[in-house]
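K.L.:
Go by the hints and put chain F onto chain S.
Which chain is which? The protein sequence lines are S and F, in order. Once you know that position 156 of the first sequence is 156 in this note's numbering, the rest is easy, because the numbers rise by one and skip nothing. Once you know that position 403 of the second sequence is 403 in this note's numbering, the rest is easy, because the numbers rise by one and skip nothing.
Careful: at least some of the hints might be erroneous.
Straight-line alpha carbon distances no greater than 30 Å define the calculated DSS-like cross-link-like pairs of lysine-lysine that follow [to be verified]:
#, chain 1, residue 1, chain 2, residue 2
1, S, LYS171, F, LYS57
2, F, LYS107, S, LYS72
3, F, LYS406, S, LYS111
4, F, LYS266, S, LYS111
5, F, LYS329, S, LYS108
6, S, LYS113, F, LYS399
7, S, LYS108, F, LYS663
8, S, LYS141, F, LYS264
9, F, LYS663, F, LYS572
10, F, LYS572, F, LYS128
11, F, LYS524, S, LYS137
12, S, LYS26, F, LYS107
13, F, LYS718, S, LYS72
14, S, LYS172, F, LYS731
15, F, LYS731, S, LYS47
16, F, LYS181, S, LYS113
17, F, LYS399, S, LYS137
18, F, LYS57, S, LYS111
Calculated from the structure, these hints are not laboratory results.
Okay, here's what each chain looks like letter by letter:
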Amino acid sequence: METTTNTQMTIGLAEAIDLGLMDHDKAEFYETPGGFTGFRYNGEDYKRIVLRRATPIADPSAYISVADHENKEICVIRSLSDLSDDQLKIVSGELDRRYYCPEIVEIKSVKDKMGYIYMEMRVTGRGEAFDKNCAVKDVSKNIRLLDDGRLIVFDVDGNRYIVQDMSALDKKSVRRLEPYLF
Amino acid sequence: MKSPIPRYMAPAFARQGLDAEKLIYAVHTDMQPDGSASDVYCAVSKDTLYILYGQEKIVKTEGARRIVAEYQPDRLESVPLSELGEPGCERLLTTGRLFSDHEGENKVILLFSLGYLVYAERLAKVIKNIRDGKDPLEEVALEEEPFCPKCGGRYPEPERKICPKCLDAKGLTLRLLGFFKNYRRKVFTIITVMLAGTAFSVLSPYLGSKFLIDEVLSEEGRYFGAIAGTVLLIFGVRVISVALNMLYQFVLAKTVPWIVFDIKLKIFEAMQRLSVGFYTSKRTGALMSRVTQDAQNLYWFFVDGLPYLVVNVFTLTGVITLLCILNLKLAFAAVFIMPVAVILFRILWSVFKRYHHKFWVYGSQMNSMVSDSVNGSRVIKAFAREEEESGRFNAVSDKFLETDVKSWNIGFTAFPLIFLFMFLGQVAVTAYGGVMVVRGEISLGTLLTFIAYLTMLYGPLEFMSWVSNWWARCVDSAQRVFEVIDSTPDVTDPDNPVQLPTLNGEIDVKSVWFEYDPATPVLKGMDLKVRAGEMMGIVGKTGAGKSTIANLMARLYDVTAGEILLDGVNVKQLPLALLRQNVGIVSQDIYLFIGSIADNIRYANPDATFEEVICAAKAARAHEFIMNLPNAYETRVGAGGEDLSGGERQRLSIARTIIQNPKILILDEATAAMDTQTEAAIQESLNKLQKGRTTIAIAHRLSTLRDADSLAVIDNGKVVETGTHAELLAKKGEYHKLYTIQLEGLKTINMDG
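Next comes chain S alone, as it looks inside the complex (with noise of 0.2 Å):
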């Protein structure tokens, strides 16, 4: 029986859009003298970039859109793992002045008061760990489980903060979550 098909009629959709993945060979990152990040690219000087992940919490070393400082992509790069040491150590710099996300490692006290959850807790930024107050509304919203045992919590002023791995808390630190986990 003779089949019908039209694979040969229609195009991939990589080969009908350009993703506009970096060229290495093209690509320089580097630090300014004012403490900001810049890019020349393809004969471009970019004096501020903009990076942003793609998959800012399941995947943040891949899809890193360079963008200049109005938010215009330059290019996407693919991985962070396929830059250069010293590349890397920039770009991760500036992702992290970004996404700075400090990891929770202990949860002194969690409070629910009219719609907000109050949480004290240890935290850990870059450099020693401190304590951290903070008010999270919307809970079932802005704490977030992931199916990697990874937590997240958004405050209402906006900031992020993780825990990398539940079954690593300590039992009292859980317990104290546990209600708001779903």
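P.N.:
Here is chain F on its own, set in the frame of chain S:
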């Protein structure tokens, strides 16, 4: 007190040898330049910016629990203002930075987490004012410290100055009881009758045991042999007790629905008062739960929980008092189990509260999902995702079920154990009392009364276990209900509104910044001037900020920075009623309310005559399709009504705005869902109506705006070009680019056609 230098910072700067008197403004941020945590105090004098890095030590003083910050400084940096360029703030995702732009060279001054952005922006403004030779504090908001004086925590919403953490359950209960305020007489009747009924209930065992055995059946008794009279007395007391109970239930049933009605009304009124921002931050399902489920929980608490709580507390007190009067020693033995039972109940309460919260969240998620799949049923069918949707629902439903089952399981296993424990107490009392009877220390009647009263304790204690569950639900629901009632709208009427006798319709948008979410400014210093009576077309790519500026002109949101002037007056100073009357907006999101088509058109002007309704429908080119419907203008639309197409709904929406007869008409993609012919016809009607009216038309299709008096091209939150169609084409800039792309597109379609 409002002060530019927070009082806890002044000593820290003084210890660094700085004269606090010379400091003009100071803010607190939280990061070192490398991103590590620090308490950073930044102060500015007329010529220098001081940045003090260090750590705060929070000390709670005794008594008032007020916090005091002890500051341990690491280092002080001084930057002469002459070395700084134009200051500005950059919003990153969870952080922000203050930088200076000195002849194109940007330098980072401060890094901070997002919560401190608003303070950094104020600092930037002060530096800018000093550089510009203005009053340093001009247009800089000085606010009271955004910390709760009781616990020291930051207010979640600084402008509300409400610390939910310090609002206790007691306060919450008192507030709930406040709903009884309007029904004082009925409440007084309920409580009096209830207490009288309880007193008679408590009297029954005494008459049935002690009085009957010791006074009537015993030869030494004062009423020996008076059996008939005693039985009648016991029966009479019981009848009175039941009658009183029935009476209070009757009055209660007539009062509580009104209280719940009041609560629902308050929630609904609060929801109407709130700004658009509230609705975009809450899921509709959760809001529905608030009005219906939470109010219902409060209803049951008022009907079943609160009255029985009063009855049972009174019973407990009465019984214990009677036991003590009968025999103190035996009374102690009888009640020693109670503290243990109370502790066990308290533990159970906290577990129940936790499960109930989960139960509520899953319930709310299920509601949202049902609403999602009903509203999105076409998309679900089109992509054949029925099974996946069912799977998603099942997953939440399973969790809901699991939480519910767990909650009941705890109740079913823990409570019988507690009651077994209490029964052991009763056994012990019987044994000890038996010994006392044998020794002649108490009478048989006293022992039997004790046992009867112990059985009476069961009821209230058992109830306490259930009321804890109810109470958990009630507090949880009350928290959410008050959250809605207490929410203050972002957009409020000014205290001293500027009254304009007539509105000309001149709009001046001055350096407007706006963001829906903290880290994402949509408008970035937009400037735009629209003359009175002019038709201004706004064009730009998707997400450029076109609809946002329309929403801001109608003051559905307030600007983050900058101002919008209407006839030279800031829209924030105009009464909202005047603004709503004079600014009509046909937005992309069309909502038709449940009712007839005529009702929907009349929505903005309920006094409009039927002829005006037809005129408005004709102007919006809606009349023809309306007349094709069997019930014409009486056709019911909205939820459960006639299903109209996108274009038809848009036309009704235009008619609704036309009938409002606003001085400023904003058409936000108002004709996007229509064919070009209908669009042209509506355009023609609108052109006639535009006389003496300022019109802002936002459109993707540039052909719609060719005849506009002027056009503004928006890109990335700013106006990049203005001029007439011809001028902008000649400019060969952004507009020319957009126009060429659309023209090429049309040519291609025509060629294909």
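K.L.:
Hints first: check each against the structure and report whether it holds.
P.N.:
Now for the hints, and whether the structure bears them out:
no.	hint	result
1	S:LYS171 - F:LYS57	holds (28 Å)
2	F:LYS107 - S:LYS72	holds (21 Å)
3	F:LYS406 - S:LYS111	holds (22 Å)
4	F:LYS266 - S:LYS111	holds (26 Å)
5	F:LYS329 - S:LYS108	violated (45 Å)
6	S:LYS113 - F:LYS399	holds (24 Å)
7	S:LYS108 - F:LYS663	violated (57 Å)
8	S:LYS141 - F:LYS264	holds (25 Å)
9	F:LYS663 - F:LYS572	holds (18 Å)
10	F:LYS572 - F:LYS128	holds (24 Å)
11	F:LYS524 - S:LYS137	holds (27 Å)
12	S:LYS26 - F:LYS107	holds (26 Å)
13	F:LYS718 - S:LYS72	holds (14 Å)
14	S:LYS172 - F:LYS731	violated (67 Å)
15	F:LYS731 - S:LYS47	holds (28 Å)
16	F:LYS181 - S:LYS113	holds (25 Å)
17	F:LYS399 - S:LYS137	holds (22 Å)
18	F:LYS57 - S:LYS111	holds (23 Å)
In summary, the numbered hints that this structure violates are 5, 7, 14.
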